[in-house]
Amino acid sequence: MRGDVQVPQYHFVLKTRDDLIPDRDGSEWPNDAAAQEEATLIAQDLMRNQEAKRGSWRIEVRDQDLLPRSELLFAEIDQTIAHLPTELREPHILASRRIAAFSDAMLAVRKTLAEVMETLSRADAVMTAVVGKRG
Amino acid sequence: MPYQIDIAGHSAASPTTPLATGVGCKTNRCLSGLSPHAFSLLKSFLTEVVLREGTILWDSNKVSSDVYFPVSGLVSIVLDASDGVSVEVGSICSQAAVGALFEPDQRDFSTQGVVQFGGHFLRMPGPQLLLAAKENSEIQSLVTYCRDWILMQAQQTAACNAAHTADRRFCRWLFQACERMDSDTLCLTQEMIASLLAIRRTTVTLIAQKLQVEGLIQYRRGKITVLDRVRLRAAACECCNSLARQHWPSTRLLALKAPKSRVQS
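Chains H and U, in that order, are what the protein sequence lines are. Counted the way this note's numbering counts, the first sequence spans residues -12 to 122. Counted the way this note's numbering counts, the second sequence spans residues 32 to 296.
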């Protein structure tokens, strides 16, 4: 409708060590900055009382086309280490970032393996059919 | 609407009917746990009411002198925190009563009582209940147990909010709601849960999505079905144990009578 201002839709995807959890519904935020602020609040919800264990978790902000806009590492906003000097906080953040990268790699490997298994399973079905015809 | 006596588990046709237990949400279990004599002291003051979701029973601006015995609904006791955020500090279903359970000079109305799940309730004036409690030890126990229950939940919730993660608190809330409502399907939105647990709506979305993938729940708009209550309890924080069935006012009332009448809970 003419005159309507379309508010952008954002999706907040949670990346843990083992899973990638989509935000199917999404929600409307006026701009990237507001969406980033919301991502911070969600991350604070999810890491509270488990800050040490969930430092490598992330919230990925995606736009309405599900294209990534930004990614927030939990360790970067961990209030329990905010009082520490930078030289102590940085190694923790760096380690968390590396664990996150490792988790991504493992997820990618798992996804590839699942695809290979599916392909092999289909190949089995095809081979069985071919052998059946020849027999 | 006049009070329908059978709804509290006491049959008008047979006043000496054994105490009703485990009747799901068709009765208020505290009232059905009373002896016919104790119940008769309250009966004439009880009125059946149907309350819709969102009805505010009391808050700081609306002082209530009524006591509500939920039959098929659930009342949340909510405390307003700063920045317009409110958090649930207790919930009352058919195993307890809520409202003006305290003497007028002891009432603290900094909380808000809101109907979370609409349904049938039995309402009576608080002063009449407290008067009856002075005359009858069973009713006195009922009042005491219901006060204890509210206090226990508030203490446990404070500890839970301070020490446990959002996902475990979500599982605890869902498990307890199912137990208390005696149903695996609850009609509620993600916004409602987010408000009760004082977390973001998207946080609820992500937690619910994870539980759905793990096969613990099924979520559709406005409706959550628990598929595996045992695993849901395992995923919840240990507060489930502290607020378990044996602490319900209705269970304590039955236990009070058990040595004499051998009522099984």
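One or more hints might be untrue.
[Said to hold, decoys possible] Lysine-lysine pairs mimicking DSSO-like chemistry, simulated, CA-CA at most 27 Å apart:
hint, chain 1, residue 1, chain 2, residue 2
1, H, 120, H, 40
2, U, 241, U, 254
3, U, 241, H, 98
4, H, 40, U, 241
5, U, 241, U, 165
6, U, 254, U, 165
[Said to hold, decoys possible] Computed from the model, here is a short list of chain U residues facing chain H with C-beta under 7 Å:
hint, residue
7, 194
8, 196
9, 220
10, 223
11, 226
In case anyone wonders, no lab produced these hints; they're calculated from the structure. C-beta atoms are modelled at their ideal positions from N, C-alpha and C, and glycine is treated no differently.
Evaluation of the provided hints:
Distance check on the hinted pair: residue 120 (chain H) and residue 40 (chain H) sit about 56 Å apart at the alpha-carbon level, beyond 27 Å; violated. Annotation: proposed proximity of residue 241 (chain U) to residue 254 (chain U) holds, straight-line Cα distance about 16 Å (limit 27 Å). Between the alpha carbons of residue 241 (chain U) and residue 98 (chain H) the distance comes to roughly 18 Å, so the proposed pair stays at or under 27 Å and holds. Using a Cα cut-off of 27 Å, the hinted pair residue 40 (chain H) and residue 241 (chain U) holds, with the two alpha carbons roughly 18 Å apart.
In summary, the hint linking residue 241 (chain U) to residue 165 (chain U) is not supported, as the alpha carbons are separated by about 51 Å, beyond the 27 Å threshold. Our distance criterion of 27 Å between C-alpha atoms is broken by residue 254 (chain U) and residue 165 (chain U), whose separation comes to about 43 Å. A hinted interface residue such as residue 194 (chain U) counts as satisfied when its beta carbon comes closer than 7 Å to some beta carbon of chain H; here the least separation is about 6 Å, so the hint holds. Satisfaction of the interface hint for residue 196 (chain U) is found here, the shortest Cβ-Cβ separation to chain H being roughly 5 Å, below the 7 Å cut-off.
Annotation: interface hint on residue 220 (chain U) violated; nearest CB of chain H at approximately 11 Å, more than 7 Å. Below 7 Å, beta-carbon pairs count as interface contacts, and residue 223 (chain U) has none with chain H, the closest being about 15 Å; its hint is therefore violated. Annotation: residue 226 (chain U) was flagged as interfacial toward chain H, and the flag is violated, the nearest CB pair being 13 Å apart, outside 7 Å.
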